[in-house]
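Residue numbers (my numbering), protein chains in the order written: chain A, 149 to 232; chain B, 149 to 232.
Any given hint could be a false lead.
Said to hold, decoys possible - Which residues of chain A face chain B? A partial, calculated answer using Cβ under 8 Å:
{"no.": "1", "residue": "177"}
{"no.": "2", "residue": "181"}
{"no.": "3", "residue": "185"}
{"no.": "4", "residue": "186"}
{"no.": "5", "residue": "189"}
{"no.": "6", "residue": "190"}
{"no.": "7", "residue": "191"}
{"no.": "8", "residue": "205"}
{"no.": "9", "residue": "206"}
{"no.": "10", "residue": "212"}
{"no.": "11", "residue": "214"}
{"no.": "12", "residue": "220"}
Stated by the list, open to error - No more than 30 Å apart at the CA atoms, straight line, and that leaves these computed lysine-lysine pairs for DSS-like:
{"no.": "13", "chain 1": "A", "residue 1": "213", "chain 2": "B", "residue 2": "159"}
{"no.": "14", "chain 1": "A", "residue 1": "159", "chain 2": "B", "residue 2": "189"}
{"no.": "15", "chain 1": "A", "residue 1": "213", "chain 2": "B", "residue 2": "213"}
{"no.": "16", "chain 1": "A", "residue 1": "213", "chain 2": "A", "residue 2": "159"}
{"no.": "17", "chain 1": "B", "residue 1": "189", "chain 2": "A", "residue 2": "189"}
{"no.": "18", "chain 1": "B", "residue 1": "189", "chain 2": "A", "residue 2": "183"}
{"no.": "19", "chain 1": "A", "residue 1": "159", "chain 2": "B", "residue 2": "159"}
{"no.": "20", "chain 1": "A", "residue 1": "183", "chain 2": "B", "residue 2": "183"}
{"no.": "21", "chain 1": "B", "residue 1": "189", "chain 2": "A", "residue 2": "213"}
{"no.": "22", "chain 1": "A", "residue 1": "213", "chain 2": "B", "residue 2": "183"}
{"no.": "23", "chain 1": "A", "residue 1": "183", "chain 2": "B", "residue 2": "213"}
{"no.": "24", "chain 1": "B", "residue 1": "159", "chain 2": "A", "residue 2": "189"}
{"no.": "25", "chain 1": "A", "residue 1": "189", "chain 2": "B", "residue 2": "213"}
Stated by the list, open to error - If the Cβ cut is set under 10 Å, some of the chain B residues that face chain A in the computed set are:
{"no.": "26", "residue": "157"}
{"no.": "27", "residue": "159"}
{"no.": "28", "residue": "162"}
{"no.": "29", "residue": "167"}
{"no.": "30", "residue": "180"}
{"no.": "31", "residue": "183"}
{"no.": "32", "residue": "188"}
{"no.": "33", "residue": "190"}
{"no.": "34", "residue": "191"}
{"no.": "35", "residue": "194"}
{"no.": "36", "residue": "206"}
{"no.": "37", "residue": "215"}
{"no.": "38", "residue": "219"}
Hints were generated in silico from the structure; no laboratory data involved.
Ideal placement from N, C-alpha and C gives every residue a C-beta, glycine not left out.
Number of protein chains: 2
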Amino acid sequence: MYLARIHVRFKPGVLDPQGAAILGALNHLGFEGVKSARTGKMIEITLEAEDRSAAGRTVREMCEKLLANPVIEDFTFEIAEENL
Amino acid sequence: MYLARIHVRFKPGVLDPQGAAILGALNHLGFEGVKSARTGKMIEITLEAEDRSAAGRTVREMCEKLLANPVIEDFTFEIAEENL
Chain A
149 MYLARIHVRF KPGVLDPQGA AILGALNHLG FEGVKSARTG KMIEITLEAE DRSAAGRTVR
209 EMCEKLLANP VIEDFTFEIA EENL
Chain B
149 MYLARIHVRF KPGVLDPQGA AILGALNHLG FEGVKSARTG KMIEITLEAE DRSAAGRTVR
209 EMCEKLLANP VIEDFTFEIA EENL
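Chain A extracted, bound-state conformation (with noise of 0.2 Å):
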C-alpha cells in the first residue's frame, strides 16, 4: 500500500483571492512580518500499486486528469509505503 500526498498550487501569476485573505487577516491581527501567503490544496491519497515507480504513474496520471487544471494549477507529489 502507498501513500501519495499531492500539493496543488496555483502557477506563478494566477491571482489567489484566499492567500491574499489571509495575509490581510494575519497583517490585521499583528502578524507583522509577514511579506506573502500563498495557499494551495493538499490531498492525500492511498493506494495499492506493484510498485513505487506504478504508484508515481497513476498519481500523475490522477493529477493530470482530475485533481490540478493544468491551465492554472501546478502539482507535486511525493509517495511512502504504508505498512497496513
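Assemble chain B onto chain A, guided by the hints.
Relative to chain A, chain B alone:
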C-alpha cells in the same frame, strides 16, 4: 526571511466530503487501486523573524488564531530559511 509551509487537515473522524467526492471520481475514472482520499489545505507564508525558532513560534500562533479551526482541524508546519 523564512518560508513556512503549513498543512491543515481534518481531525480523524471528521467527515471530509471533498475527499469522498475525489475517491468516488477516481474510482469512476477507473483508478481501482485507490483506497482512500483525504483533503487538506496547504498555506505557504513568507515571514521575517529573528531566527528559526521565533519564526516557528509565530507560525504556531497564526495557526491557532486564524489558519486552523481547533475543533475539527489539526495543523503541522515546517520552516525553511530563504535567501532572497
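Hint check against the structure, violated hint numbers in rising order: 8, 10, 12, 15, 20, 27, 28, 38
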